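Student: Read off the chains here:
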Amino acid sequence: MTLPKDKVDVVIVGSGSAGSHFAARLSKAGRRVVALEAGPDIRTEQMVSSMLWARRLKWKGAPVLETGPQPIGYVFNAGWGVGGASIHHYAVWPRMHENDFRVRSLYGRGLDWPIGYSDLQPYYDRVQKECGLSGDSKAEVWRPAGEPYPMGPVASANQGRVVRKGFESLGMKVAPLPMAIATKTYKGRPSCIWDGWCDAGCPTGALANALSVHWPEALAAGATLHPNHQVVRVLTESKGTRASGVEVVTPDGTRTLVMADVVVLAANTVQNARILLASASPEHPHGVGNASGTLGQFVTTHLAAPIFGLHPDKTNPWFGAFGGQFLNQEHYDEKENFSEQGAFGSYQWMIAQAMKPNGLLGMAPSRPDLRGSALKRFMERSTEHMITMTGVVEDLPLAQNRVTLNGKKDDWGVPLATVEHASSPESLALWQAAVDEGLKVFRATGADEVWNAPRAPMHIMGGTIMGTGPNNSVADAYGAVHEVPNLILGGAGLFPTSGGVNPTFTIQALVSMACDRMTGEAPPPSA
Amino acid sequence: MLYASGIGLLSFALGDGHVLLSPRAARAAGVKPRVLSAREEETLAALGERLVPGSRESGVSLYVDQQLAVSLEDCMLMIQYLGVDPPFTPFYRTGLSAINAWAESRHGEKFSELSDTQAESLIDDLSNEKLEGWEGPPQGLFYFVVRNDACDVQYGTQEGFARLNVPYAAHIVPPSEWG
Chain A
1 MTLPKDKVDV VIVGSGSAGS HFAARLSKAG RRVVALEAGP DIRTEQMVSS
51 MLWARRLKWK GAPVLETGPQ PIGYVFNAGW GVGGASIHHY AVWPRMHEND
101 FRVRSLYGRG LDWPIGYSDL QPYYDRVQKE CGLSGDSKAE VWRPAGEPYP
151 MGPVASANQG RVVRKGFESL GMKVAPLPMA IATKTYKGRP SCIWDGWCDA
201 GCPTGALANA LSVHWPEALA AGATLHPNHQ VVRVLTESKG TRASGVEVVT
251 PDGTRTLVMA DVVVLAANTV QNARILLASA SPEHPHGVGN ASGTLGQFVT
301 THLAAPIFGL HPDKTNPWFG AFGGQFLNQE HYDEKENFSE QGAFGSYQWM
351 IAQAMKPNGL LGMAPSRPDL RGSALKRFME RSTEHMITMT GVVEDLPLAQ
401 NRVTLNGKKD DWGVPLATVE HASSPESLAL WQAAVDEGLK VFRATGADEV
451 WNAPRAPMHI MGGTIMGTGP NNSVADAYGA VHEVPNLILG GAGLFPTSGG
501 VNPTFTIQAL VSMACDRMTG EAPPPSA
Chain B
1 MLYASGIGLL SFALGDGHVL LSPRAARAAG VKPRVLSARE EETLAALGER
51 LVPGSRESGV SLYVDQQLAV SLEDCMLMIQ YLGVDPPFTP FYRTGLSAIN
101 AWAESRHGEK FSELSDTQAE SLIDDLSNEK LEGWEGPPQG LFYFVVRNDA
151 CDVQYGTQEG FARLNVPYAA HIVPPSEWG
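Top to bottom, those sequences are chains A and B. Position one of the first sequence corresponds to residue 1 (this note's numbering), numbered consecutively onward. Position one of the second sequence corresponds to residue 1 (this note's numbering), numbered consecutively onward.
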């Protein structure tokens, strides 16, 4: 399919969670939409059930240099090709809480969002119907206000039941994990069969992602999608106050322009910042949207706290969803709960995650110290008796954690990105508090052995944050770049704070809100 | 792409041409490495076997060698997650050379010919990053990468799952026995 030679209504850069949603909503609203994806086309038949083949779904584009003591794990966390990271995401979709949006106001540290939970709530409610979420809102006693889930929760299995007892013996609650996974036939998508291959992509469509939900809608409504088209910069009109289109390299290496009334930048957290920085011009000498100097700043990544154990009961840990079976957000609303330990922030537990024998999150790497016959014995026991859960720990936003351009360039002459990241002492202390709690819970299950893995980065946020004005942020609450209001940003790069929950549901809610504004549609009735 | 071939087995050089085989079958057929030298391949197989028993026969060295020969888009090696910039061949090559250099300086033998005691002692030091003057990639990372490669071929295949009595339950069956 060739690119349009004339001006279109909307050009979208990136085809993942945010880009596909923009494409669906805007094309259904009658806009002429063209989407450009740097990576290849991805089809469901490529989602081979294998932890080796799954690695083909991760980032394969221009290298990103990671510096600092806590790197962001870019390749593992980013996606490559149509659908982006949504293709290998685990579909854990909790909502952010009210205090996540007002961290600066409430606690005197971090940042505030320019919106509150009540602004986003109707969009969470709308998106969960559109995409199909399963869960039990009543059991989630920590959940902020919102409509019940449209589908019942995931069924618990052996591993979940074992770990649940550990929480309950300590007086803590668990609830079914809220997931964008069908537990019954939903809008033509089949129910999940809980085979634990989410990391390799979900070819059945049970898991809500760009390929199962938004691209079919967008293409049916007339949007066009162009894989293997690398956008190298955003163009602005002569005064620099309006975006006019993008420059793109086509698969044969030709440079061309796609002109549009609106440009949506939804590459990913790092690539959005990189493209804006690389789009510097006389009107925007430090990059588009960078009048405040905040472009690239406040990159955050959740600090994962993986806990493992071996339990006498048969747990069959290979069964279920990769995201888990249960949720605990016991201390979520008490960001100062562990202040005596120097900690700050929120975290949650994703409990009883399905595991495979190999893979970065698999059984074998959980004990890298074992080898030879000891590893063989461990593997034989783990496959029947392992238990696991992962803490998702908030990362306090720091200005020095940032995306910058370095001296190297990609094949098209675009400078490569460097991402520096060091978690704050408060976030590191919170991670330790979470690990201590997790080990205590696992001991309370009656497990024979419990241990934890080192800190690992999970999700990438910030870098193009939203805020109240161009003096403190790149974009407004709708993702519109302050200095160039017809340039719209999508994705977790907009998050001023990370919270301690998985970001995809919030990404979707923000896109939904932005689309309402762009199309002039009234907000949902519950707003 | 390999996948686009519709067959999915790995392409190995054999005789005057290329054949599609699993790493285990390639090893049995006497396939020669394309990227690694014969000595590097031998060292990788020996180290993999020490770390994950059975991985030599499962073809860890030919799997890694074949993966080093394909494009980054087709690459399945876990090393891509671990902050190492491609291409990955120098990582393996310098690591394998360094472990052999240590084996020879300590015991006068290449790594693949060390006794159990000698090899285990050397691996202990490697995993604990105690090999002073090591001239390869970070020792702990090299240990972790090779161990995971060996786990991939030994435990990450349909055969490996069966060995552990884990139901494979594929939506889309891998187009080759190893992965």
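Bear in mind the hints are in silico, worked out from the structure with no lab data behind them. As the structure is a computational prediction, the values presented were derived from the model and not from experiment. Fair warning: there could be bad hints in the mix.
Unchecked claim - Quick list of in silico lysine-lysine cross-link-like pairs, DSSO-like style, CA-CA up to 30 Å: (1) K376(A) with K110(B); (2) K32(B) with K130(B); (3) K165(A) with K239(A); (4) K28(A) with K138(A); (5) K239(A) with K173(A); (6) K165(A) with K409(A); (7) K165(A) with K184(A); (8) K130(B) with K376(A); (9) K440(A) with K110(B).
To be verified - Stretch-level coverage of chain B by chain A, calculated; a stretch enters the list once three of its residues show a Cβ under 8 Å from a Cβ in chain A: (10) 75-82; (11) 93-104.
All C-beta atoms, glycine included, are put in the ideal place defined by N, C-alpha and C.
Student: Now, for every hint given, state plainly whether the structure supports it.
Tutor: Verification of the supplied hints:
no.: 1; hint: K376(A) with K110(B); verdict: holds, 26 Å
no.: 2; hint: K32(B) with K130(B); verdict: violated, 33 Å
no.: 3; hint: K165(A) with K239(A); verdict: violated, 63 Å
no.: 4; hint: K28(A) with K138(A); verdict: violated, 34 Å
no.: 5; hint: K239(A) with K173(A); verdict: violated, 57 Å
no.: 6; hint: K165(A) with K409(A); verdict: violated, 53 Å
no.: 7; hint: K165(A) with K184(A); verdict: holds, 27 Å
no.: 8; hint: K130(B) with K376(A); verdict: holds, 25 Å
no.: 9; hint: K440(A) with K110(B); verdict: violated, 46 Å
no.: 10; hint: 75-82; verdict: holds (count 6)
no.: 11; hint: 93-104; verdict: violated (count 0)
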